[in-house]
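Since chain A is already given, all that's left is putting chain B on it; use the hints.
Residue numbers (my numbering), protein chains in the order written: chain A, 759 to 1056; chain B, 818 to 985.
Hints listed in this document are in silico derivations from the structure and should not be mistaken for laboratory results.
Wrong hints could be hidden among the right ones.
One-sided and incomplete, this derived list gives chain B residues near chain A with beta-carbon spacing under 10 Å [stated by the list, open to error]: (1) Thr831; (2) Leu836; (3) Leu850; (4) Val854.
The beta carbon of each residue, even a glycine, is placed where N, CA and C say it ideally should be.
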Amino acid sequence: MNITGPRIYFIIPIFGGIPITQTAVSSFLVMVLLCTAGVLLGRNLKKRPGRMQVVTEKGVSMITDLVSDAMGEHNRHWTPYITALFLSSLLGSLIGMTGIFRSTTADLSTTATWAVMTSLICWYQSIKNIGLWTWLKGFSEPIKVMTPMNIVSEIAQPVSLAFRHFGNVAGGGVITTMVYWALSGASAALLRLIGSGWIGIVVTLVLAAVLFLVHRKGKQPGKIRRILGVMMLALALFGVLHLTGVLENVPFLQVGVPAVLSLYFDCFSGLIQAFVFSLLSMIYISNACPPPEEKPES
Amino acid sequence: MEGFENFIGLNPWTALFTLCNLVIVFLILKKFLFQPVNKMIDDRQREIDELYNDAANAKSEAETLRADYDRKLTEAKSASAEIISEANLEANRRSEEILRQARIDAEALREKAGVDIALERKRAINEAKGEISRIALDIAEKIVERELDSADQERLIEGFLRDMGDQL
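Only chain A is shown next, with the shape it has when bound in the complex (with noise of 0.2 Å):
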């Protein structure tokens, strides 16, 4: 087991060296992908809209009224910069799943460009807003000892929104590598332990049995049961294929497992991660751009 960073595929051998590493490929796949469906979806509108367009129409104003809810009418126009953050991030997550590509988001380089983006774009709004005189002084605020604290704090915003994001995504898949690692190394055990001798096979068939043949009268075996009894029958077939030596050690416990793994840390978390980061980055934006202030009516 060795949990490395990304793939370098290729260096190429200009500017001192750029390495192509499996998050450029992916980040690469995913704004190929995402721009495909951007232009294909916003290609041949028509006043009488089809299905397709209905759809579209539909998530549109759904994310638009999303971050006009979240950042405010005024800041409406961020939509666009707020989903291609959602989306590549998603995606990024999601491409994971392939299984031929690494999830971008796994690479801190992205998660930290895209907070480090959005910090830039907070700071570029706030000084162009108040002025950055006005901007500067707010550190000191509410008393001057509060500085250090307060520039922290601003530094910690993208750091933690990188590293959250990162760690998120990362550690699922450090986690299902572990757990590879470790179902790997159980079913090697087991299959020493029933493998070692026809009579490790005929007490596995003989529990299969019991799983399957000795209930209560009149009612069928439970699922559970059945999914057992079905689980020894394959451990005996494995056993017997090891020791004859035809299969040694297969790692039969990591089917089924590392399904259920990669639901929740692929699908659920990619989600969530991609929801929480553009989430903090409408925030975070809206703070820097608060709503214009009432013109007193004359």
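Quick look at chain B alone, frame taken from chain A:
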């Protein structure tokens, strides 16, 4: 050559690629998805609003026209009733006048007829006087068997007629 990066590490080139990709996705989504879709939604909204406005306008216009027609119809009805009653009055007046005129005319005719009758009677009396005087003269001639001279004859006839006229 192949290798692996650190698990936790920052690669500036990857960061640059990510930044470029994010910016590209942002621009493409904005230009090709959000702007056209929002424009389409707004356009449709505007069109629907216009249609509703037009319908509302047409309805209010129709209401106005209907009220107008109703008012005009009522006016026309009252006007026609007025005209009819006026015509009736006029007709009554005219018939009264015609009747009165007819009565006057009849009266005049009757008066004229009376005068005519009187004149005719006078003429008839005169004619009868002449006839009678001639007969009386014939009778007198036969009686006296001679011709009187004309002066005597005139005198005699006058005297006779006077007597007779007084008797008549």
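- Query: Which hints, by number, does the structure contradict?
  - Reply: none
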